[in-house]
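S.K.: Sequence:
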Amino acid sequence: MNKEALIKSACQVIDREIYGLEVLKKNFSDAFVQAVEKMMQIKGRIIVSGMGKSGHIGQKIAATLASTGTPAFFVHPGEASHGDLGMLTKDDLLLAISNSGESKEMADIISYSRRFGIPMIAITSVMESSMARAADLTLLIPDKKTAPEACPLGLAPTTSTTTTLAVGDALAVALIEQKGFSVEEFHDRHPGGKLGNVLLRGRDVMVKGEEMPLVMANTPMSEALVVMTAKSWGCLGVLNEAGELIGMITDGDLRRHMGNDLINKTAFDIMTKNPKTVVGDMLCVEVLRLMNEKKITNLFVIDGDMKPMGLLTMHLLLQVGVA
21 MNKEALIKSA
31 CQVIDREIYG
41 LEVLKKNFSD
51 AFVQAVEKMM
61 QIKGRIIVSG
71 MGKSGHIGQK
81 IAATLASTGT
91 PAFFVHPGEA
101 SHGDLGMLTK
111 DDLLLAISNS
121 GESKEMADII
131 SYSRRFGIPM
141 IAITSVMESS
151 MARAADLTLL
161 IPDKKTAPEA
171 CPLGLAPTTS
181 TTTTLAVGDA
191 LAVALIEQKG
201 FSVEEFHDRH
211 PGGKLGNVLL
221 RGRDVMVKGE
231 EMPLVMANTP
241 MSEALVVMTA
251 KSWGCLGVLN
261 EAGELIGMIT
271 DGDLRRHMGN
281 DLINKTAFDI
291 MTKNPKTVVG
301 DMLCVEVLRL
311 MNEKKITNLF
321 VIDGDMKPMG
331 LLTMHLLLQV
341 GVA
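So the sequence shown is numbered by our numbering: it starts at 21 and just counts up by one.
Derived by calculation from the structure, the hints in this document are not laboratory data.
Among the hints, a few may not be true.
Simulated pairs of lysine-lysine, DSS-like, Cα-Cα distance not exceeding 30 Å [to be verified]:
#1 LYS296 <-> LYS314
#2 LYS251 <-> LYS296
#3 LYS124 <-> LYS73
#4 LYS124 <-> LYS80
#5 LYS314 <-> LYS293
#6 LYS124 <-> LYS45
#7 LYS63 <-> LYS199
#8 LYS63 <-> LYS80
#9 LYS327 <-> LYS314
#10 LYS28 <-> LYS165
#11 LYS293 <-> LYS251
#12 LYS45 <-> LYS164
#13 LYS73 <-> LYS110
#14 LYS296 <-> LYS327
#15 LYS110 <-> LYS199
#16 LYS251 <-> LYS228
#17 LYS45 <-> LYS80
#18 LYS46 <-> LYS23
#19 LYS296 <-> LYS228
#20 LYS80 <-> LYS164
With beta-carbon atoms standing in for the labels, derived distance ranges [what the hints assert, rightly or not]:
#21 SER120 <-> PHE93: 18 to 26 Å
#22 CYS31 <-> ASP189: 17 to 25 Å
#23 GLY106 <-> ASP189: 25 to 33 Å
#24 LYS73 <-> MET107: 20 to 28 Å
#25 ASP281 <-> GLU306: 35 to 43 Å
#26 GLN54 <-> GLY229: 49 to 57 Å
#27 GLU99 <-> VAL33: 27 to 35 Å
#28 VAL193 <-> TYR39: 18 to 26 Å
#29 ASP271 <-> LYS73: 58 to 66 Å
#30 GLY263 <-> ILE38: 56 to 64 Å
#31 ASN312 <-> TYR39: 37 to 45 Å
Every residue gets a Cβ at the ideal spot worked out from N, C-alpha and C, and that includes glycine.
Model the full assembly from the supplied sequences, consistent with the hints where possible.
M.R.: What follows is the structure in structure tokens.
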């Protein structure tokens with residue numbers, strides 16, 4: 021194998037697909053705006069369909085839409101012709117994908133949408149195609165003459181699938197923005213895996229209630245040490261009479277005050293005043309960053325009145341896979 025030739029070929033593929041995307045940018049017009057508006061208006065779901073490579077891209081588009089607040093799923097055109105047309109309702113919208121706009125396998129699902137008044141948006145490279153003419157709206161991707169496939173034969177779907185995928189991403193992002201889709205909602209749809217862990221918030225992980233190591237400011241250290249040992253978090257939160265967090269005692273504080281008179285002091289005497297705290301809505305990755313920056317391993321989560329709601333530790337964050 022010629023190493024330089026392989027790298028050159030790879031770069032040419034990327035360059036051709038980048039060119040296709042640059043051409044695609046010029047194609048965005050009022051039709052895109054109308055497509056987003058129509059998707060916003062439907063009461064049902066986005067039904068995505070396409071054959072072959074268009075179908076593979078369609079499955080990804082449907083998955084992206086569904087995970088970002090727009091209910092959607094993929095229907096294979098072949099299966100649609102054998103009963104799955106029943107998945108489409110009048111409240112839905114059909115997003116039909118075909119580079120040529122002439123895929124014969126798409127005929128039945130297109131015909132069904134027209135017969136029952138189901139809105140249809142086409143993604144194709146040929147405005148004069150049968151699919152484009154049947155659609156309510158057409159989103160054009162560059163044709164093979166304007167932006168050839170990256171395949172050296174000019175046949176395998178490469179540039180065309182990249183541009184189709186980009187149209188799907190553009191629709192999904194536009195809908196996210198228009199709907200005000202939040203990080204919390206995104207996390208609700210991604211509870212598993214690394215992505216779910218990254219989007220966890222402090223309130224999702226913190227220990228709370230009786231598990232929190234808390235003492236009053238006037239608590240003798242002889243009693244405070246018992247609480248600190250029993251809770252096993254390596255720290256203590258110190259409260260005033262109003263239940264507000266005014267200080268924190270860590271293993272480091274104990275070492276700094278180590279002496280014969282430690283037992284005779286109160287939690288107030290030993291605590292570090294005005295400890296670093298976080299709010300429950302803070303992302304765990306942000307909490308971990310703060311811990312690393314301040315070189316601390318424990319943080320109390322407080323409410324708006326400075327009252328502790330929970331405790332976060334480096335160990336807890338690592339345990340749930342945030343790092």
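S.K.: Each hint: holds or not?
M.R.: Okay, the hints, checked on the actual structure:
1. The suggested pairing of LYS296 with LYS314 holds, with an alpha-carbon distance near 9 Å, which does not exceed 30 Å.
2. In summary, the hint linking LYS251 to LYS296 is supported, as the alpha carbons are separated by about 20 Å, within the 30 Å threshold.
3. As the CA atoms of LYS124 and LYS73 are separated by approximately 14 Å, the hinted pair is consistent with the 30 Å bound.
4. Between the alpha carbons of LYS124 and LYS80 the distance comes to roughly 22 Å, so the proposed pair stays at or under 30 Å and holds.
5. As the CA atoms of LYS314 and LYS293 are separated by approximately 15 Å, the hinted pair is consistent with the 30 Å bound.
6. A distance of roughly 29 Å separates the Cα atoms of LYS124 and LYS45; the hinted pair therefore holds under the 30 Å criterion.
7. Taking the CA atoms of LYS63 and LYS199, the gap is about 14 Å. The hint holds against a cut of 30 Å.
8. With a CA separation close to 22 Å, the supplied pair LYS63 and LYS80 stays within the 30 Å bound.
9. This hinted pair checks out: LYS327 and LYS314 have alpha carbons roughly 22 Å apart, not beyond 30 Å.
10. Between LYS28 and LYS165 the alpha-carbon distance is near 23 Å, which keeps this suggested pair within the 30 Å criterion.
11. In summary, the hint linking LYS293 to LYS251 is supported, as the alpha carbons are separated by about 21 Å, within the 30 Å threshold.
12. Between LYS45 and LYS164 the CA atoms are separated by roughly 16 Å; this keeps the pair inside 30 Å, and the hint holds.
13. Restraint check for LYS73 and LYS110: satisfied, since their Cα atoms lie roughly 27 Å apart, inside the 30 Å limit.
14. Distance hint between LYS296 and LYS327 is fulfilled; the C-alpha atoms sit about 13 Å from each other, no more than 30 Å.
15. As the CA atoms of LYS110 and LYS199 are separated by approximately 22 Å, the hinted pair is consistent with the 30 Å bound.
16. Between LYS251 and LYS228 the CA atoms are separated by roughly 12 Å; this keeps the pair inside 30 Å, and the hint holds.
17. With a C-alpha separation of about 21 Å, the suggested pair LYS45 and LYS80 falls inside the 30 Å cut-off, and the hint holds.
18. Pair hint LYS46 plus LYS23 does not hold up; C-alpha atoms about 36 Å apart against a cutoff of 30 Å.
19. A C-alpha spacing of about 17 Å is found between LYS296 and LYS228, which places the hinted pair at or below 30 Å, so the restraint holds.
20. Simply put, LYS80 and LYS164 have alpha-carbon atoms about 23 Å apart, close enough for the 30 Å limit, and the pair holds.
21. Checked against the hint of 18 to 26 Å, the C-beta distance between SER120 and PHE93 comes to roughly 24 Å, which is consistent with it.
22. At about 23 Å, the beta-carbon gap between CYS31 and ASP189 stays in the expected band of 17 to 25 Å.
23. Restraint check, GLY106 to ASP189: a C-beta distance of roughly 29 Å satisfies the suggested window 25 to 33 Å.
24. Taking the beta carbon of each, LYS73 and MET107 are about 22 Å apart, inside 20 to 28 Å as hinted.
25. Between ASP281 and GLU306, the C-beta spacing of about 40 Å keeps the proposed range 35 to 43 Å intact.
26. A beta carbon spacing of about 53 Å between GLN54 and GLY229 agrees with the range 49 to 57 Å that was offered as a hint.
27. At about 32 Å, the beta-carbon gap between GLU99 and VAL33 stays in the expected band of 27 to 35 Å.
28. Checking the proposed 18 to 26 Å range against VAL193 and TYR39 shows it holds: the Cβ atoms sit about 22 Å from each other.
29. The hint said 58 to 66 Å for the Cβ distance between ASP271 and LYS73, and at roughly 60 Å that hint holds.
30. Range check, GLY263 to ILE38: Cβ separation about 59 Å, and the 56 to 64 Å hint holds.
31. Between ASN312 and TYR39 the beta carbons are some 43 Å apart, a value that agrees with the proposed interval 37 to 45 Å.
In summary, the structure is inconsistent with hint 18 from the numbered list given earlier, while agreeing with all the others.
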